[in-house]
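Protein chains in written order, with numbering that gives the first Met the number 0: chain A, 0 to 231; chain B, 0 to 452.
FYI, nobody ran anything at the bench for these hints, they're computed from the structure.
In this text, a Cβ means the ideal position worked out from N, Cα and C, and glycines have one as well.
A few of these clues could be false.
Some, not all, of what chain A presents toward chain B, calculated at C-beta under 10 Å [to be verified]:
#1 Met12
#2 Gly16
#3 Val17
#4 Phe34
#5 Gly42
#6 Ser177
#7 Leu204
#8 Met205
The list that follows gives simulated cross-link-like pairs (lysine to aspartate or glutamate, EDC-like), each with its CA atoms no further than 16 Å apart [stated by the list, open to error]:
#9 B:Lys371 <-> B:Glu56
#10 A:Lys19 <-> B:Glu442
#11 A:Lys172 <-> B:Glu391
#12 A:Lys172 <-> B:Asp352
#13 A:Lys19 <-> B:Glu449
#14 A:Lys19 <-> B:Asp446
#15 A:Lys19 <-> A:Glu31
#16 B:Lys371 <-> B:Glu44
#17 A:Lys172 <-> B:Glu7
#18 B:Lys32 <-> B:Glu262
Quick list of the computed label-pair ranges, beta carbon to beta carbon [stated by the list, open to error]:
#19 A:Pro87 <-> B:Arg396: 16 to 26 Å
#20 B:Glu442 <-> A:His30: 15 to 25 Å
#21 B:Ala182 <-> A:Pro87: 50 to 60 Å
#22 A:Glu31 <-> B:Glu44: 36 to 46 Å
#23 A:Gly67 <-> B:Pro3: 45 to 55 Å
#24 B:Gly170 <-> A:Ala217: 57 to 67 Å
#25 B:Ser195 <-> A:Asp155: 53 to 63 Å
#26 A:Asp155 <-> B:Leu410: 35 to 45 Å
#27 B:Arg420 <-> A:Asp155: 51 to 61 Å
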Amino acid sequence: MRVGLFLTCLNDMLFAGVGKAVVRVLERLGHEVVFPLAQTCCGQAHLNTGYRSECAPLARKFATDFAGLDHVVSPSASCVAMVREHHPALVAPGVRVPPVHEFTEFLVDVLGVTDVGAVFPHRVTYHPTCHGLRALNLGDRPTALLRAVRGLSLVDLPEATQCCGFGGTFALKNADTSVAMGTDKARHVLATDAEVLAAVDNSCLMHIGGLLSRWRAATRVLHVAEILASGD
Amino acid sequence: MGMPAFPEAAREALADPQLRANLRAATGTIRAKRARVVAERGDWEALREAGRAIKDEVLGSLDTYLLQLEEQVTAAGGVVHWARDAAEANRIVVELVRAAGADEVVKVKSMATQEIELNEALADAGIAAVETDLAELIVQLGHDRPSHILVPAIHRNRAQIRELFRREMAGTDDLTDDPVALAAAARAHLRRKFLSARVAVSGANFAVAENGALVVVESEGNGRMCLTLPEVLISVVGIEKVVPTSRDLEVMLQLLPRSSTGERMNPYTSIWRGATPGDGPGEFHLVLLDNGRTRALADDIGRDALRCIRCSACLNVCPVYERTGGHAYGSVYPGPIGAILTPQLRGPDPVADSLPYASSLCGACYEVCPVKIDIPRALVHLRAEVHHRPAERLAMRAAAWIFTSPRRFALARRLTRLGTRLAGLPGPWRRWTTTRDLPQPHESFRDWWERRN
Ligand code: SF4
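The following block holds chain A by itself, in its conformation from the complex (with noise of 0.2 Å):
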């Protein structure tokens, strides 16, 4: 299969690794990825903060952007919801918005896999981003690939469905309350005892892992796919 990948302007800026990781686990499937140059950012942050006529030229630079793919797999949630639920109506009438699926989403519903074949022995939190829990309502999808990863062991995050207090320019915007959010987040993650806290989007994790780097704590954070992609 022929798959796009878009892998959003924050991702594009500062986790290489995201990208490298849906690249490897597609491949490994057998599947065949096309990153499309031009690619910039869906808008989300100008839509949520606002700014909702700087946003529709983004819009409309994705769909040209992304045209002609039958699938467009994104390792975001946030921004995957951003193009399902707004771009429709933000696009010229008549144009075909991409069909966009979330990573774990595009493994479990389009390619019918749960295994990847990863390896990654180590223990693993699960944080549910709000926007792969109730936007896009990703459900047991990524903890179901994480658990078929050998020998990684998955443990229950306390209060998990509560929000980091990422959102978007909410982070600065209202930084100490966002703040006081995340450092609940981090104390959670930090009393499961896991070396590594995963999520699906890399905004959340840059925000809790933000805190727990400062704090020197030995929890890492990656993205889902970046486990998903190890081991070979």
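Given chain A's structure and the hints, the job is docking chain B with the ligand onto it.
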């Protein structure tokens, strides 16, 4: 208003460890109770959908239903007054209390009267308003503001309440902080008030258009006292509280208690029509309040906020509210519903403009709302309507300009990677780096991609 915008007010609340502990314990308990009783209902989603449909039907033909309500209340012996705003509503109530020759009124908890600051207006006219809900009483005695729709004193624990009672109530010198003793002290205090009051003021949870019935849902029985003992009853009710028929209460009275207190049924539901000689108050006045509601009604998306039945489920699940408490919202309507209702009722001001941003858009509120208000959608919609600071607008425009060009984006990627090497970032980004580290990127994805293709 002289109040700080949300981020500053929140900072103060976050620095209060007692408040945070109280909020966490209280919201956690109510949250669990609600989840338990909602899970009992296999048809919960159908009930929510029915609740949404009833309220949308009303909002779609509000003028018709309100006129029908007026006709029915009048026919049942009540008097209907229309109040365009808070000042008009307060004037009407003050005149009615004066006409009854009273200088004290008993009150049953009502959001609408808090919204119009009726107690202050009554005080200015020399009339004392006595709150009769336990929590409201605590707030009133503490000269405090409520911090939660349903649990107004959620920011106080029982040791703090005992001190308040000892200071403000006669004969409470040996009062302990045992909840039963505290409740008994409040009960004795309130009984004296109920028996002497000639006028009562209430709100209403629902007003039925087809027969003019009003409904008050409560837990302590103080409402029943207020609604039946005094000679004159005045109810101040927002115009969005109307439901078409009594049958609609079947849906609403299932949704409300389970969502609010986490009970299958609330202890007291009072339903009355107009005034009946020799049975309860001889005079009944219904004050129908607009106060910004028609402005909200005119907004296609913002209007959804008028479906709200004030259950406070959205507050209890809100991770922002759980940490900041209600006062930070600078309004009688705190939490997620306040963040979309206040700006619409009040119109633009710096506090109101900050409220739609007081959310991480996590969606927990929408998930529990019994009338399916898509609060995150309304928040995002309102963010586009409020005043934007010029510096922010410029930054967002610049970002969009960068993202519309692959070449400009390439340059931005390089600069971002350099920026992460700095220990602290300049400008608004400092708000990130004072508490959180930045990731340290290695080889960029694009370099890697090019190398292997
Ligand atoms: S918005 Fe919904 S959940 Fe919140 S108080 Fe109103 S009815 Fe309840």
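Hint-by-hint comparison with the structure:
Given the 10 Å rule on beta carbons, the hint for Met12 of chain A holds: about 4 Å separates it from the nearest Cβ of chain B. Nearest Cβ of chain B to the Cβ of Gly16 of chain A: about 8 Å, under the 10 Å cut. The hint holds. Against a cut-off of 10 Å between C-beta atoms, the interface hint on Val17 of chain A holds, since the closest Cβ of chain B lies about 8 Å away. With 10 Å as the threshold, the beta carbon of Phe34 of chain A comes within range of chain B, its nearest partner Cβ sitting at about 6 Å, so the hint holds.
Proximity of Gly42 of chain A to chain B holds as hinted, the smallest CB-CB distance being about 7 Å (cut-off 10 Å). With 10 Å as the threshold, the beta carbon of Ser177 of chain A comes within range of chain B, its nearest partner Cβ sitting at about 7 Å, so the hint holds. Interface restraint check: Leu204 of chain A against chain B, minimum CB-CB distance 9 Å, threshold 10 Å, status holds. A cut of 10 Å between beta carbons decides the hint on Met205 of chain A: the least distance to chain B is about 6 Å, and the hint holds.
For the proposed pair Lys371 of chain B and Glu56 of chain B, the alpha carbon gap of about 14 Å is at most 16 Å, so the pair holds. A C-alpha spacing of about 11 Å is found between Lys19 of chain A and Glu442 of chain B, which places the hinted pair at or below 16 Å, so the restraint holds. Between the alpha carbons of Lys172 of chain A and Glu391 of chain B the distance comes to roughly 11 Å, so the proposed pair stays at or under 16 Å and holds. Simply put, Lys172 of chain A and Asp352 of chain B have alpha-carbon atoms about 13 Å apart, close enough for the 16 Å limit, and the pair holds.
Of the pairs offered as hints, the one joining Lys19 of chain A and Glu449 of chain B holds, with about 12 Å between alpha carbons and a cut-off of 16 Å not exceeded. Taken as a hint, the Lys19 of chain A and Asp446 of chain B pair is honoured in the structure, with Cα atoms around 11 Å apart against an allowance of 16 Å. Using a Cα cut-off of 16 Å, the hinted pair Lys19 of chain A and Glu31 of chain A holds, with the two alpha carbons roughly 13 Å apart. Taken as a hint, the Lys371 of chain B and Glu44 of chain B pair is honoured in the structure, with Cα atoms around 9 Å apart against an allowance of 16 Å.
A threshold of 16 Å between alpha carbons decides the hint, and for Lys172 of chain A with Glu7 of chain B the separation of about 10 Å falls inside it, so the pair holds. Restraint check: the Cα-Cα separation between Lys32 of chain B and Glu262 of chain B comes to about 8 Å, which is no more than 16 Å; the hinted pair holds. Our hint of 16 to 26 Å for Pro87 of chain A and Arg396 of chain B holds, since their Cβ atoms are close to 24 Å apart. Taken as a hint, the range 15 to 25 Å holds for the pair Glu442 of chain B and His30 of chain A, whose Cβ atoms sit roughly 23 Å apart.
Checked against the given bound of 50 to 60 Å, the beta carbons of Ala182 of chain B and Pro87 of chain A, roughly 55 Å apart, stay inside it. At roughly 41 Å, the beta carbons of Glu31 of chain A and Glu44 of chain B sit within the given window of 36 to 46 Å. A hinted range of 45 to 55 Å for the beta carbons of Gly67 of chain A and Pro3 of chain B is consistent with their spacing of about 52 Å. Between Gly170 of chain B and Ala217 of chain A the beta carbons are some 59 Å apart, a value that agrees with the proposed interval 57 to 67 Å.
A hinted range of 53 to 63 Å holds for the C-beta pair Ser195 of chain B and Asp155 of chain A, which are about 57 Å apart. The hinted window of 35 to 45 Å between Asp155 of chain A and Leu410 of chain B holds, with their beta carbons roughly 44 Å apart. In this structure the supplied range 51 to 61 Å is violated for Arg420 of chain B paired with Asp155 of chain A, their Cβ-Cβ distance being about 37 Å.
Going through the hint list in order, the structure does not satisfy hint 27, though it satisfies all others.
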